[in-house]
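Q: Here are the chains, one letter per residue:
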Amino acid sequence: MSIVNVSRPSKFDVARRTFIRNGFGSPLATLISLFVIAGLAYLGWAMLDWAILRAVWNEENVSRCGGHAGACWSVIDARHRLILFGTYPFDEHWRSTLAAIAIVVTVMVSCLPFIWRARRLAVLWVAGFATYYLLMEGSLLGLPQVTTDGWGGLSLTLFLFAAVVLLGMPMGLGLALMRRSEMPVVRWFATILIDTVRSLPLVTTLFTAAVVMPLFLPNWLEGDKIWRVIVAFAMFFAAYQAEVFRGGFQAISKGQFEAGRALGLNYWSILGRIVLPQVFRHALPSTINMIVVTFKETAIVTIIGFFDILASGKAAYGTAVWAPYYIEVLVFVAAIYWVFIFLLGQYGEYLKSRMALAAH
Amino acid sequence: MPTADELRTRAKQRSWTVQIIIILLTVITIWGAVSNAQFNLTRMNMTSGFSFLERGTGWDYSFSLVERSITDRYHYTLFIGLLNTLFVGFICIVTTTFFGFIIGTLRDARHPALSFAANVYVQIFRNIPLILQAVFLYAILIHLGGPRQAINLGDVAFLSGRGLMLPGLNIDPAVSIGLLLASIAIAIGLLIAKISLGRGLAIWFVSSIGTCLLATAILHPSGEPFFSVPSLQGLRFQGGISVPIELLALVASITLYGSAYIAEIVRGGLSQVPTGLVEAGQALGLSRISIWSRIKVPMALRSIVPPLGNQWIFMMKATTIGIAIGFSDLFYITVNSISQSGQTLELILILMLTFLAINYSIAIFTNWLNAHLQLKEH
Numbered sequence: 001m002s003i004v005n006v007s008r009p010s011k012f013d014v015a016r017r018t019f020i021r022n023g024f025g026s027p028l029a030t031l032i033s034l035f036v037i038a039g040l041a042y043l044g045w046a047m048l049d050w051a052i053l054r055a056v057w058n059e060e061n062v063s064r065c066g067g068h069a070g071a072c073w074s075v076i077d078a079r080h081r082l083i084l085f086g087t088y089p090f091d092e093h094w095r096s097t098l099a100a101i102a103i104v105v106t107v108m109v110s111c112l113p114f115i116w117r118a119r120r121l122a123v124l125w126v127a128g129f130a131t132y133y134l135l136m137e138g139s140l141l142g143l144p145q146v147t148t149d150g151w152g153g154l155s156l157t158l159f160l161f162a163a164v165v166l167l168g169m170p171m172g173l174g175l176a177l178m179r180r181s182e183m184p185v186v187r188w189f190a191t192i193l194i195d196t197v198r199s200l201p202l203v204t205t206l207f208t209a210a211v212v213m214p215l216f217l218p219n220w221l222e223g224d225k226i227w228r229v230i231v232a233f234a235m236f237f238a239a240y241q242a243e244v245f246r247g248g249f250q251a252i253s254k255g256q257f258e259a260g261r262a263l264g265l266n267y268w269s270i271l272g273r274i275v276l277p278q279v280f281r282h283a284l285p286s287t288i289n290m291i292v293v294t295f296k297e298t299a300i301v302t303i304i305g306f307f308d309i310l311a312s313g314k315a316a317y318g319t320a321v322w323a324p325y326y327i328e329v330l331v332f333v334a335a336i337y338w339v340f341i342f343l344l345g346q347y348g349e350y351l352k353s354r355m356a357l358a359a360h
Numbered sequence: 361m362p363t364a365d366e367l368r369t370r371a372k373q374r375s376w377t378v379q380i381i382i383i384l385l386t387v388i389t390i391w392g393a394v395s396n397a398q399f400n401l402t403r404m405n406m407t408s409g410f411s412f413l414e415r416g417t418g419w420d421y422s423f424s425l426v427e428r429s430i431t432d433r434y435h436y437t438l439f440i441g442l443l444n445t446l447f448v449g450f451i452c453i454v455t456t457t458f459f460g461f462i463i464g465t466l467r468d469a470r471h472p473a474l475s476f477a478a479n480v481y482v483q484i485f486r487n488i489p490l491i492l493q494a495v496f497l498y499a500i501l502i503h504l505g506g507p508r509q510a511i512n513l514g515d516v517a518f519l520s521g522r523g524l525m526l527p528g529l530n531i532d533p534a535v536s537i538g539l540l541l542a543s544i545a546i547a548i549g550l551l552i553a554k555i556s557l558g559r560g561l562a563i564w565f566v567s568s569i570g571t572c573l574l575a576t577a578i579l580h581p582s583g584e585p586f587f588s589v590p591s592l593q594g595l596r597f598q599g600g601i602s603v604p605i606e607l608l609a610l611v612a613s614i615t616l617y618g619s620a621y622i623a624e625i626v627r628g629g630l631s632q633v634p635t636g637l638v639e640a641g642q643a644l645g646l647s648r649i650s651i652w653s654r655i656k657v658p659m660a661l662r663s664i665v666p667p668l669g670n671q672w673i674f675m676m677k678a679t680t681i682g683i684a685i686g687f688s689d690l691f692y693i694t695v696n697s698i699s700q701s702g703q704t705l706e707l708i709l710i711l712m713l714t715f716l717a718i719n720y721s722i723a724i725f726t727n728w729l730n731a732h733l734q735l736k737e738h
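Taken in sequence, the protein lines are chains A and B. Mapping to my numbering: the first sequence position 235 is 235, numbers consecutive. Positions in the second sequence are counted from 1; adding 360 to them yields my numbering.
Just chain A, same shape as in the assembly:
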């Protein structure tokens, strides 16, 4: 009797075999595979051909763009400053660059588990936001002052995003706590506010803040249009985020409150030391999703007259010379959005899978 050496197939082997069986197991499956591969390859090749192989890259070569089959990236070469910085003074663009980097670094650092303590996150975001504001506004650092109506492009988009998240997060938590309060008036107040804001389109909320609010407010409270819009946008964020937190609260058993009570802790200690750390944990994937949505929705402000990256992109092809190359500009803007949103989304997926593993 011989000993048969039966080795377990490796994970990779199994995956490869399933892949081949599902993709090429029957004539129909093979046909579908070939068809899809051919289609994707054709699309991929057409894009590569247009965007890189036949493209014209430099502003000086713009004359070669006419009647050309490839992309004319000359427009980006010539107008990228307008797209990225809007109407911000040309000589001060380095400030806008640093400010945008400050926001991006803040977001990236927030992704590290080391920073996931309420206090650390708060310090990080306030610091990142303050860095942005000091650099962009400038007067406090002794640089030439640039008021908010001079801000634009990608920097403005990032600013709106950071301001809304920074302001909206505590507001959302407050609304979520109010909604589960034992006092009926507090509960109704939060519920009505949350449901109303969630039923209205964001653009109507922002439009109301930008155009209608000044009628209701006394002069001293009116403030800048951009701040009114940020507060309204933060309300929108908070209303959705409150529901995310509510999901987190529901995942925690009531016994934990009672245990805290029995130990003689007061409401805020129970909340801060027992309940909230778990709520944040449960709510993390949905919170990332909400942040991604907020980044996308900032594009809406172009409707109420802000010079964000979409509006500055439109302005970039708004002159007679560059008007034919609108596709290149919009592809450039879309690519910027796509990279930010895709990376944030992938990070959210990664967290979700990590937490699913931890739950087992």
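Calculated directly from the structure, the hints in this document are not laboratory data. Please note that the accuracy of each hint is not assured.
[Stated by the list, open to error] Computed footprint of chain B on chain A, listed as stretches where at least three residues anywhere in the stretch have a Cβ under 8 Å from a Cβ of chain B: (1) 174–185; (2) 191–200; (3) 204–217.
Here a beta-carbon is modelled for each residue, glycine too, at the ideal position from N, C-alpha and C.
Dock chain B against chain A, hints included.
A: For chain B alone, kept in the frame of chain A given last:
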């Protein structure tokens, strides 16, 4: 040392104080806002009230389903805006749900190439802001040439910078509105009759098309063909249905974006169906399509419907980005009315109440649908 009773009374008093303070603050804020508004309005010599609704507007806009003119009154113009919003929202809800189910099913497919292709679609269209997609499509459409350079789609439909020309039934526009209402009436009738979902949809689809064909047969102008096909005559197209590019770009972009979202919802629902049920279906010798339509979808619908309802509400709200490309939805009409008539508060109030009403109706409908689909406990 206070006794337990004293502590309880104190807690109760505190709770009352907090609630009274909140009520007072709310009342003061509202009162302050109203008095400020009155002060600002008198300063600008504005009269408040809804009497302006009876005045004529004096301006035109891009799209309406029914006849319009610049002498229309405000309430009629706002009504047209509401119709446009509901029209686009309804079309988008149907198209996104349809394509979302197809793409979501592909995403869940075992076949690696199919799920990969569906994934590519979702990742591209979900990760670009909707308004950017709308602006992009609109920019491309508006740069297409005039009717003479139109893209010919099989000699029956033509796409040009002026719009998409489609073949249609040869009937009066007013009749088509009536047919739309009839179709909605049939749908409501079927909902009340409590027929199963799949059969109800089939009956609704067949009877709606049947009504349209019947109406055309009776009502189409005598001596003219049954169908009206667009054809190039001189510098413009005659006949058929003309879809303006604003409408086309808006519907196409919401469809592309919304389908990607619904595909993810559908995939999530389908992947939660226990494999045991699918294997049971295979053991019974059911075909793949039967397993999908009789086991997977009915099971998955229970977890799909609640987030799907949220997406429908999102779709209704998303129609407001039409203003970025000049489509005259309710928001566009309201903004124009505000800049023309100055009746800011009244118009914003109308806009908000309308959206609250629409979205609450959708929420009520999805709740009903959800309750209808849940497993009946015996």
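Q: It remains to establish, for every hint, whether it holds in the given structure.
A: Hints, verified against the model:
1. 174–185: holds (count 4)
2. 191–200: holds (count 3)
3. 204–217: holds (count 9)
This entry satisfies every hint, going by the numbered hints stated previously.
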